[in-house]
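Chains as they are written, first to last, in this note's numbering: chain A, 104 to 481; chain B, 7 to 195; chain C, 226 to 493.
Any given hint could be a false lead.
Mimicking BS3-like on lysine-lysine, the simulated pairs with C-alpha atoms at most 30 Å apart in a straight line are [stated by the list, open to error]:
hint	chain 1	residue 1	chain 2	residue 2
1	A	K478	B	K172
2	B	K186	B	K88
3	A	K305	C	K238
4	B	K172	A	K109
5	A	K109	B	K9
6	B	K9	A	K106
7	A	K405	B	K9
8	C	K479	A	K150
9	A	K109	B	K71
10	C	K267	A	K298
Just so you know, the hints here were simulated from the structure itself, not pulled from any lab data.
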Amino acid sequence: MAKEVKFLQGNEAVCEGALYAGCTFYAGYPITPSTEVAEILAARLPKVGGRFVQMEDEIAAMAATLGGSIAGRKSLTATSGPGMSLKMENLGYGYLTEVPCVIVNVMRGGPSTGLPTGPGQSDIMQAKWGTHGDHPAVALTPSTVQEQLEETVRAFNISEKYRIPVILLTDEIIGHMREAVNMPEPGDLEVVDRKRPTCDPKDYLPYKPEADGVAPMADFGSGYRYHITGLNHLEDGFPSNDGKLAQADEIRQEKKITDHYDEIVVVDEMDTDDAEILVFAFGSTARSAKEAIKMARAEGIKVGLFRPLTIWPFPDKHLQKYKNKVKRIIVPEMNLGMAILEVKRVMEGTVPSIEGINQIDSEPITTITILNKIKEGK
Amino acid sequence: MAKTQIRLSGSGGQGMITAGIILAAGAAVFEGKKAIQSQSYGPEARGGASKAEVVISDEEIFYPKVMAPDVLVALTQEAAEKYSKDLVDGGILILDDLMVKEAPKGNWKIYTMPIIITAAEKVGKAMVANVVTLGALNEICGLVSTETLEKAVLSRVPKGTEELNKNAILAGIELAKACKAEGGCCCGK
Amino acid sequence: MAYDYAKYLRAGKIPHIWCPGCGYGIIMKSIIRAVDGLGMNKDDLVFTSGIGCASRLPGYIDANTLHTTHGRSLGFATGVKMAKPELNVIALGGDGDMTAIGGNHFIHACRRNIDITCLVFNNYIYGMTGGQYSPTTPKAARATTSPYGNSDNQFDIAQLAIGAGASFVARSTTYHAVPMEKLIKQAIEHKGFSVVEIIAGCPTGYGRKNKLASPAGMIEWQKANSVNKVQWDKMTAEEQAGKFPIGVLHQEEKPEFIEAYDANVGLS
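With the sequences and hints as input, model every part of the structure.
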């Protein structure tokens with residue numbers, strides 16, 4: 104049977120993805136251009152036995168999202184620039200306490216209030232470095248409305264599997280445009296639930312990792328009484344001032360993500376086999392990049408697309424394949440040069456030229472702009 | 007059909023964004039074409055010039071926005087002036103004759119017709135001006151089949167307004183036919 | 226026979242971090258007697274807290290305990306309660322935690338009337354950071370950040386809660402350990418958002434700087450200046466000056482948030 108096709112807005116597809124993944128709690132605060140996520144889930148969640156709450160601010164929204172997850176529900180919140188900045192405090196708490204949840208950041212333009220109704224890609228460094236302290240980070244960057252749905256499901260899966268808040272880092276263009284989506288049926292996409300303890304509650308250690316580096320997580324109220332704190336803590340969850348143990352635990356947390364690079368990092372590589380030029384592009388910008396590459400190929404230019412769907416952890420391993428192979432890497436992004444710093448970190452010295460296309464004028468980077476850049480070096 | 011870029015404009019609250027969604031959804035869901043609808047948001051919820059953009063193509067659409075429209079619909083003077091600047095040479099301009107007193111100048115095929123008056127007086131509700139627009143636009147540009155347009159409209163309108171909306175499509179088609187017969191510059195009066 | 230607190234305490238987590246003479250131990254014991262007196266199942270009992278001396282309390286109690294970020298206790302508590310309304314959620318924090326950095330969450334939790342019991346430990350000072358003035362530090366009082374005396378005005382936490390819409394508001398002091406236990410019980414049993422403000426002494430952070438260094442002296446002060454609500458209402462404004470009422474200060478029946486939400490959206 105043919106799949107049901109729905110014509111969905113990007114933010115609407117996030118909601119479909121969340122519901123598919125089994126999300127039953129949303130706590131948020133209204134902010135453009137993410138508000139549709141809240142509006143749709145306010146209507147849809149009760150129909151699946153879920154609850155929605157509009158909190159007094161973004162800080163409380165992040166707190167309640169984590170609280171909902173601690174009590175056992177898959178929880179979501181959505182926001183944009185200024186709201187993301189406010190969420191950072193409790194996002195850090197979520198990292199240290201290893202509480203799964205998904206945060207959608209529909210990136211808009213500018214620092215501060217900036218350009219609220221226009222697109223941007225200036226929050227990618229914030230997604231990795233925004234909260235204080237060392238911690239692993241996972242952020243996904245969809246480029247189509249279909250991917251908005253599928254990557255939301257994947258965000259929940261990674262979050263549940265590795266006990267970590269995951270950021271869906273989308274932008275105003277993808278969030279607000281409408282496109283046809285093939286609706287997945289139950290079973291089409293994998294849905295992961297967190298490991299829960301099966302041991303005697305007396306023996307439960309909430310931060311004692313299993314072989315995969317991840318400890319089973321008990322729901323509050325499930326008979327496993329334990330302590331969660333934002334202080335560095337031991338395997339039993341209680342605080343400790345022992346710096347050596349804190350260091351070991353934070354390294355373990357980093358490793359639970361880096362050790363699973365192959366499962367977490369997804370990259371779409373197109374026309375790269377013989378490529379002399381690589382275009383590194385993500386999110387809505389990757390759409391223009393793809394078209395530019397097709398046009399350049401038609402003119403005989405050997406150019407390929409490197410499109411990370413996982414921007415954090417950064418796709419080092421995928422990118423390293425092109426060391427001493429391509430002559431140029433072009434990085435178009437709607438910021439003044441962020442992803443390019445990471446590309447340079449990985450590739451500097453092995454590629455003769457790494458060039459950015461940077462635009463923060465609230466307009467998408469066009470196909471022609473990228474095509475012209477590709478042709479520039481010819 | 008090659009890629010067609012359409013811009014629907016008017017003032018906020020005239021339903022141009024809904025019209026864009028209906029048209030793109032019709033092409034994508036009922037005819038399997040590639041279609042994207044996007045819009046520019048301003049801070050005002052009502053009033054002000056507002057536009058919806060639709061790209062329809064047989065092939066995959068990458069860049070989601072309209073670069074330069076092949077077709078522009080404008081239901082207000084402000085929208086006609088503001089959004090016609092990048093209308094392609096030889097493009098199609100569809101205007102409402104009540105609200106647009108002076109057509110912008112350019113090498114375009116201009117169709118001026120009484121969309122709003124027809125919705126209000128002939129169909130019976132000014133609110134369906136956006137659906138009258140779709141009937142007229144589709145008759146002129148042949149974007150989707152009439153059957154598709156009807157299905158797409160009916161899937162997005164409130165229950166109990168089906169007849170009203172069907173009549174609105176037909177009224178739009180009639181307007182466009184009459185306008186074409188007069189060579190484009192019809193004013194319906 | 227002495228009351229056995231151990232059954233609600235986590236083995237091996239005492240000694241606590243509180244200074245000698247701190248009133249918080251008295252409050253913890255009252256809380257334990259209250260939840261025990263109500264026969265509450267520890268598996269269904271959740272404590273959330275923010276940051277500060279008071280907020281260390283959940284770590285000592287054998288329940289589901291969540292020590293969160295500064296001021297955010299109620300945000301986390303709201304999430305837990307909405308995910309599992311059958312749990313009994315007690316959110317606690319100090320005066321700075323609940324009414325300064327967490328002030329917005331506090332007033333909105335009151336307004337929402339969600340069924341959470343909120344205990345505000347008021348010792349008039351930021352204790353953990355070493356004695357800076359808080360929103361409840363009396364005018365002219367000395368703190369490390371008000372070396373010339375406090376210029377700032379004081380919050381009346383109970384009045385703030387009443388004004389913001391909490392449906393049960395009470396006040397007690399560490400002198401009134403037994404009445405405090407009863408008020409906490411009433412607060413837990415109340416359906417809706419309940420607040421108990423508990424006046425406590427901080428000999429280290431507040432007392433030393435304000436000629437009240439003796440813990441016993443601070444408790445004497447509580448005794449001398451607190452007035453039962455019934456009596457308070459009969460006093461003139463002049464008689465009330467410098468004193469504060471204790472007991473149940475406000476109680477009303479009004480729809481609880483999650484019940485109202487569930488009824489609205491068709492979940493109940």
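Quick rundown of the hints versus the structure:
The straight-line distance between the Cα atoms of K478 (chain A) and K172 (chain B) is roughly 51 Å, outside the 30 Å bound, and the hint therefore fails. For the given pair, K186 (chain B) sits about 25 Å from K88 (chain B) by alpha-carbon distance, which is consistent with the 30 Å threshold. About 16 Å separates the Cα atoms of K305 (chain A) and K238 (chain C), which keeps this hinted pair within 30 Å; it holds. About 22 Å separates the Cα atoms of K172 (chain B) and K109 (chain A), which keeps this hinted pair within 30 Å; it holds.
In summary, the hint linking K109 (chain A) to K9 (chain B) is supported, as the alpha carbons are separated by about 21 Å, within the 30 Å threshold. This hinted pair checks out: K9 (chain B) and K106 (chain A) have alpha carbons roughly 25 Å apart, not beyond 30 Å. Our distance criterion of 30 Å between C-alpha atoms is met by K405 (chain A) and K9 (chain B), whose separation comes to about 26 Å. Proposed proximity of K479 (chain C) and K150 (chain A) is supported: the alpha carbons are some 26 Å apart, at most 30 Å.
Taken as a hint, the K109 (chain A) and K71 (chain B) pair is honoured in the structure, with Cα atoms around 20 Å apart against an allowance of 30 Å. Taking the CA atoms of K267 (chain C) and K298 (chain A), the gap is about 23 Å. The hint holds against a cut of 30 Å.
Checked against the numbered hints listed earlier, the structure breaks hint 1 alone; every other hint is satisfied.
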